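S.K.: Here are the chains, one letter per residue:
2 protein chains.
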Amino acid sequence: MPEVDRGPAALVGPVRIIGAGLLGASIGLALRARGLDVQLEDLDPANLRTASGLGAGVPVAGDETEPQLVVVAVPPDHLAGVIEGALEAHPGAVVTDVGSVKSGPLATVAAHADVARYCGSHPMAGTQHTGPLTASATLFEGRPWAITPHASTTPEATQVVTGLAELTGAMPLTFAPDEHDLAVARTSHVPHLMSALVAGRLADAPEGHLALSGPGVRDVTRVAGTDPGMWLQIVPANAPAILELLGQIRADLDRLESAIQDGDREALRGVLANGVAGTKAIPGKHGGPVRPTTSLFVHVPDRPGNLARLFADVDAVGVNIEDVRIDHDPARAGGQVELVVDQARVEDLTEALDARGWALHQ
Amino acid sequence: MPEVDRGPAALVGPVRIIGAGLLGASIGLALRARGLDVQLEDLDPANLRTASGLGAGVPVAGDETEPQLVVVAVPPDHLAGVIEGALEAHPGAVVTDVGSVKSGPLATVAAHADVARYCGSHPMAGTQHTGPLTASATLFEGRPWAITPHASTTPEATQVVTGLAELTGAMPLTFAPDEHDLAVARTSHVPHLMSALVAGRLADAPEGHLALSGPGVRDVTRVAGTDPGMWLQIVPANAPAILELLGQIRADLDRLESAIQDGDREALRGVLANGVAGTKAIPGKHGGPVRPTTSLFVHVPDRPGNLARLFADVDAVGVNIEDVRIDHDPARAGGQVELVVDQARVEDLTEALDARGWALHQ
Numbered sequence: 001m002p003e004v005d006r007g008p009a010a011l012v013g014p015v016r017i018i019g020a021g022l023l024g025a026s027i028g029l030a031l032r033a034r035g036l037d038v039q040l041e042d043l044d045p046a047n048l049r050t051a052s053g054l055g056a057g058v059p060v061a062g063d064e065t066e067p068q069l070v071v072v073a074v075p076p077d078h079l080a081g082v083i084e085g086a087l088e089a090h091p092g093a094v095v096t097d098v099g100s101v102k103s104g105p106l107a108t109v110a111a112h113a114d115v116a117r118y119c120g121s122h123p124m125a126g127t128q129h130t131g132p133l134t135a136s137a138t139l140f141e142g143r144p145w146a147i148t149p150h151a152s153t154t155p156e157a158t159q160v161v162t163g164l165a166e167l168t169g170a171m172p173l174t175f176a177p178d179e180h181d182l183a184v185a186r187t188s189h190v191p192h193l194m195s196a197l198v199a200g201r202l203a204d205a206p207e208g209h210l211a212l213s214g215p216g217v218r219d220v221t222r223v224a225g226t227d228p229g230m231w232l233q234i235v236p237a238n239a240p241a242i243l244e245l246l247g248q249i250r251a252d253l254d255r256l257e258s259a260i261q262d263g264d265r266e267a268l269r270g271v272l273a274n275g276v277a278g279t280k281a282i283p284g285k286h287g288g289p290v291r292p293t294t295s296l297f298v299h300v301p302d303r304p305g306n307l308a309r310l311f312a313d314v315d316a317v318g319v320n321i322e323d324v325r326i327d328h329d330p331a332r333a334g335g336q337v338e339l340v341v342d343q344a345r346v347e348d349l350t351e352a353l354d355a356r357g358w359a360l361h362q
Numbered sequence: 001m002p003e004v005d006r007g008p009a010a011l012v013g014p015v016r017i018i019g020a021g022l023l024g025a026s027i028g029l030a031l032r033a034r035g036l037d038v039q040l041e042d043l044d045p046a047n048l049r050t051a052s053g054l055g056a057g058v059p060v061a062g063d064e065t066e067p068q069l070v071v072v073a074v075p076p077d078h079l080a081g082v083i084e085g086a087l088e089a090h091p092g093a094v095v096t097d098v099g100s101v102k103s104g105p106l107a108t109v110a111a112h113a114d115v116a117r118y119c120g121s122h123p124m125a126g127t128q129h130t131g132p133l134t135a136s137a138t139l140f141e142g143r144p145w146a147i148t149p150h151a152s153t154t155p156e157a158t159q160v161v162t163g164l165a166e167l168t169g170a171m172p173l174t175f176a177p178d179e180h181d182l183a184v185a186r187t188s189h190v191p192h193l194m195s196a197l198v199a200g201r202l203a204d205a206p207e208g209h210l211a212l213s214g215p216g217v218r219d220v221t222r223v224a225g226t227d228p229g230m231w232l233q234i235v236p237a238n239a240p241a242i243l244e245l246l247g248q249i250r251a252d253l254d255r256l257e258s259a260i261q262d263g264d265r266e267a268l269r270g271v272l273a274n275g276v277a278g279t280k281a282i283p284g285k286h287g288g289p290v291r292p293t294t295s296l297f298v299h300v301p302d303r304p305g306n307l308a309r310l311f312a313d314v315d316a317v318g319v320n321i322e323d324v325r326i327d328h329d330p331a332r333a334g335g336q337v338e339l340v341v342d343q344a345r346v347e348d349l350t351e352a353l354d355a356r357g358w359a360l361h362q
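From first to last, the protein sequence lines stand for chains A and B.
For the first sequence, full-length UniProt numbering assigns the number 1 to the initial residue and increments by one for each residue that follows.
For the second sequence, full-length UniProt numbering assigns the number 1 to the initial residue and increments by one for each residue that follows.
If you're looking for bench data, these hints aren't it; they were derived computationally from the structure.
Please note that the accuracy of each hint is not assured.
So, partial list: chain B residues that the calculated Cβ filter (under 7 Å) puts toward chain A [unchecked claim]:
1) V115
2) V198
3) G200
4) D219
5) L232
6) S258
7) N274
8) T279
According to the in silico footprint, chain B covers these stretches of chain A (three or more CB under 8 Å from chain B) [as the list claims (entries may be wrong)]:
9) 155-165
10) 234-244
Since this is a predicted model, take the numbers as computed values, not measurements.
All C-beta atoms in this analysis are idealised placements derived from N, C-alpha and C, irrespective of residue type, glycine included.
With the rest of the complex left out, here is chain A (with noise of 0.2 Å):
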């Protein structure tokens, strides 16, 4: 996807937010950082208290300078009506949402006659909590956010909608409303049903068989131990896109299990080989290709001290830590850590933390 053409500041404020939960109040700090003047509305008092406490801007009274943009950070139940609501309180305004679906709210939306100045947009960042107070301005740093025009955006609204991805920190990547709708319903959404099903199966696990769980099980079903509030929302208002690509799922399925029951292990090979090219297609860390990277794995006694202790002999000697992974021993107190590092350092690496004395195999 080509980055968003940065031109100059677009966006100025004042940046009126609809909805001081975790994202909106998010932004609000984010952009209260940046010098912008932020108006803050919420149904809930105490959220407006709280978000406004926390410095992400100043609830309206009614008096305000009319604003630039209007953020509507709403759940994804309300998006369309806020939405329409913005584009008729503020005539002058680009009005944006920061909703992880993006073509319901827009065919609502799209009937409305100042419908040229919405852009919707999808910041890729939250976290487990819902509300103001987990705030933060860095919520966005350096995470994909997308922004997808419709056929009628204005080209000021893009920009300014842009604008706001940039001061937040964020990465702006421009989508069509259905293209962004396919692109998480495959990156995000498909992924999290998966992981709930394979999850499910352990639900009803006999008693003790759990105990063979090792850490693959427990990355693939990471995702699926979050709270199911917000997907109720998301799956519904995403069904098109998710559907297509689970009946894609299930053709793939049929495939295996054809393979396994007639022992075909071509076709198997088939299923698992597209499994590896799926997985190198992620972009890699910083955008680039994937980086060839090898595991080392460090046996840590599970204690305050000593992860710092072995980052500070990995420093020691100057190599980068692509990624970490902390496997606890289910047995005593310890834990593996995985030490995900460049292949053309994995020797060195070796070699001087055995010299530290740390337990270690590749």
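Based on the hints, put chain B in the right spot on chain A.
M.R.: Chain B only, in chain A's frame:
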């Protein structure tokens, strides 16, 4: 699963290891570290040289003492034949294997007159490597090791194989062979296959769509990136258990698709809630119940030294890190480090890291 009764040292050696690959050589190294005599066999002279060179044991010459235990550590396709061969060649020895599927080889071996001396086993350890070059005496340290006596295995054989697991530092857990196969289908084989299906949908993603990939899809698809080689032997060997679970997942997929098609949020909630329950069923750290943790996200410039500095700062607060993950920043040389810590300590840690100048959020 009850832990195996730990009697007096049941295994004194010598131990004959057939197959000096990663697992075989690692077992040799672990046993040599405990002072046992280890005899090595491998069809590949290079493997034998490497493993013995590392100190994993001595290549057989033909004049050695008869082994107390033979460990068969060959690829899945060859297990049954080599186990039978070992029972015949060593009429006084207990025989085990370290294959990841137990019922299949047993079905073949069961007809053997001396099958009572055979007790299967399966260490839950391994890496992306396969040869002896990366073998390690600590590979099994703290990992579960399934011990799978069949109906006519002698108590002595079970005890000797349990002793093997214990001497390598692993945690022995007993399972009936078919129970074991269902357990690993659930906790390893099916999660791997489903991960491959999700990753497969990424392989043909339109240009640019994967730029929206976040940590969730990386987690779900990570295991699908491993080389298909070994899986092409494991999956057919455990076909019945895998097909049973895939059938259940297909039924869940039916329910999920209907729920989405019909906009039935209660049914969707059921699928998602079942997934949450499944993730909670996985045993927590050190086998105990899952403790409430919270994630703290810290922005860390991606240069050697920064991770060490971060962990030293965390250490200074005296907070133990339960897990760590690095989500690389696609836009610039940096990343968000997710620190998973005890929920009760997150406020202290936030304050302390904030005071030390780290940009962070929950």
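S.K.: Quick check on N274/B please, does its C-beta sit within 7 Å of some C-beta on chain A?
M.R.: The hint holds - N274/B has a Cβ within 7 Å of chain A, the shortest such distance being about 4 Å.
S.K.: Taking a Cβ-to-Cβ distance below 8 Å as contact, does the stretch 155-165 of chain A have at least three residues touching chain B?
M.R.: Violated, because only 0 residues of the stretch 155-165 of chain A bring their Cβ atoms closer than 8 Å to Cβ atoms of chain B.
S.K.: Can the hint on V198/B be confirmed by a CB-to-CB distance to chain A that is less than 7 Å?
M.R.: holds (5 Å)
S.K.: Hint V115/B vs chain A: min CB-CB distance below 7 Å?
M.R.: violated (24 Å)
S.K.: Is the listed coverage of the stretch 234-244 of chain A by chain B valid when you require three or more residues with a beta carbon under 8 Å from a beta carbon of that chain?
M.R.: That given contact holds, which follows from 5 residues of the stretch 234-244 of chain A lying within Cβ reach (below 8 Å) of chain B.
S.K.: Go through the hint on D219/B and say holds or violated, using the shortest Cβ distance to chain A against 7 Å.
M.R.: holds (5 Å)
S.K.: With 7 Å as the cut and Cβ atoms as the points, is L232/B at the interface with chain A?
M.R.: This interface hint holds because 5 Å falls under the 7 Å limit.
S.K.: Under the criterion of a CB-CB separation shorter than 7 Å, is T279/B in contact with chain A as hinted?
M.R.: holds (4 Å)
S.K.: Was the hint right that G200/B lines chain A, CB cutoff 7 Å?
M.R.: Holds, about 4 Å.
S.K.: Does the CB of S258/B sit less than 7 Å away from some CB of chain A?
M.R.: violated (10 Å)
When each numbered hint is compared with the structure, violations occur for hints 1, 6 and 9.
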